[in-house]
Amino acid sequence: MKAPTVPLLRFLAGTTPSTCRQCAPKTYIKRLSTSAPLRAKWTKPNVSKKVKPLPYSPPRKPPPKQSNPTAANSPPAPPNPMRHRTLPLLLGSLTAFTLAGYSSYIYVTYRRATSSPSSSSHSVPLDVSERYNDIATEFDGDVEWMEWSMGLLKLRKEMASKARGAVCEVSVGTGRNMGFYEFGPLMTGVEMGKGGKKDGEEEEGTVTSFTAVDKSPQMIAVAREKFSREHPGVRGVQWVVQDASLPLPPPPSSSSPTSSAPEKYDTILQTMGLCSTPHPAALLLNLSNHLAPGGRILLLEHGRGYWGWLNNILDALAPGHAERFGCWWNREVGGILEEVEKGGLRVVEVRRRNWGTTWWLELRRAEDEEKE
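FYI, in full-length UniProt numbering the residues of the sequence shown are 1 to 372.
If you are wondering where the hints come from, they were derived from the structure by calculation, not from laboratory data. Take these hints with a grain of salt, some might be off.
[What the hints assert, rightly or not] Cut-off 30 Å, straight-line C-alpha distance, at most; resulting in silico cross-link-like pairs (BS3-like, lysine-lysine):
(1) LYS264 - LYS162
(2) LYS342 - LYS264
(3) LYS226 - LYS157
(4) LYS264 - LYS226
(5) LYS264 - LYS157
(6) LYS371 - LYS264
(7) LYS371 - LYS162
(8) LYS342 - LYS162
(9) LYS264 - LYS154
(10) LYS226 - LYS154
(11) LYS371 - LYS342
(12) LYS162 - LYS226
[Stated by the list, open to error] Just the calculated beta-carbon pair ranges, DEER-fashion:
(13) THR137 - GLN242: 16 to 24 Å
(14) PRO232 - ARG352: 32 to 40 Å
(15) ASN312 - TRP239: 36 to 44 Å
(16) GLU332 - GLY233: 41 to 49 Å
(17) THR86 - ARG235: 42 to 50 Å
(18) TRP148 - GLY343: 34 to 42 Å
(19) TRP309 - GLY233: 47 to 55 Å
(20) LEU89 - GLY335: 33 to 41 Å
(21) THR86 - ASP243: 33 to 41 Å
Cβ coordinates follow ideal geometry from the N, Cα and C atoms, glycine included.
Sequences and hints are given; from them, build the entire structure.
Have a look at this one:
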């Protein structure tokens with residue numbers, strides 16, 4: 001192999017031509033054995049100089065974790081289209097439930113009537129009020145579920161809350177309205193404050209005396225026991241066993257020494273009573289004779305409904321229902337009202353429920369209506 005020439009060695013060593021030819025190989029070897037890091041000057045670190053510490057800051061509390069991290073950046077949710085339909089849906093569901101309960105009651109009554117051999121209208125008398133003597137102790141249990149499902153308990157409560165002054169409830173039965181009356185201070189013995197009403201200024205819902213009338217002594221006994229349990233210590237109550245189509249006794253005298261005994265009633269109530277008397281129009285006209293000026297009659301009755309097919313069912317089931325409960329539930333209430341209007345009563349309000357078979361009525365004397 002041919003040895004490299006001097007110019008090539010000088011190029012590789014990165015040196016300039018030297019004047020001393022004997023030093024050329026020595027410089028070449030030195031340059032090849034030296035690197036740039038070795039040529040850098042090493043300096044001792046200054047350990048005496050203190051390093052300034054970074055300023056301390058306590059750790060920040062992390063932000064609360066969001067259930068949905070993208071919710072803050074996401075657009076607002078669209079409004080619920082069912083928000084304004086909640087109440088109509090609730091009322092519709094309640095109505096459907098009430099009608100279902102009433103339909104179930106009709107069906108059960110129909111099955112009982114068809115299975116009874118004595119359910120013919122010819123075998124059941126028109127006056128079946130004596131049936132109440134036999135069913136007085138079981139009556140509340142038999143009708144409780146039916147009245148609740150049909151909304152009758154709510155209507156009873158509303159009607160009793162409108163009673164004021166001297167009150168007479170005819171066809172009182174087992175006293176199913178007793179728990180809904182608001183008895184005034186003259187009956188409970190509670191003193192009135194300075195803002196109380198004076199004598200003769202009873203407001204709606206305040207009862208100053210109470211008279212209970214029913215033809216069945218067994219029903220009156222149940223109602224009286226219930227009243228003493230629900231309203232202990234209440235005074236000014238009289239219990240009368242008689243037919244409501246006969247003249248009624250006057251209200252009991254007030255416990256106030258400054259007021260005279262009233263001769264007539266401010267409010268007369270009846271619930272499910274027209275169905276139990278053979279002469280309902282005569283009964284109402286008799287009640288009107290015992291109304292004080294400005295007084296009113298409040299009725300909650302059942303009768304024929306809106307549609308012919310429904311009335312046909314009521315007619316078919318009426319004998320069996322009357323035989324068991326002492327009540328003809330298919331009375332023509334509209335015809336009864338027309339008859340009493342000819343006798344001097346005025347129908348002030350009519351409300352119907354349960355396919356028209358439940359009637360809420362308010363009546364007043366025609367002469368009182370003309371004065372107003």
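Can you give the numbers of the hints that this structure goes against, from lowest to highest? Hint 21 is the one this structure does not satisfy, whereas the remaining hints hold.
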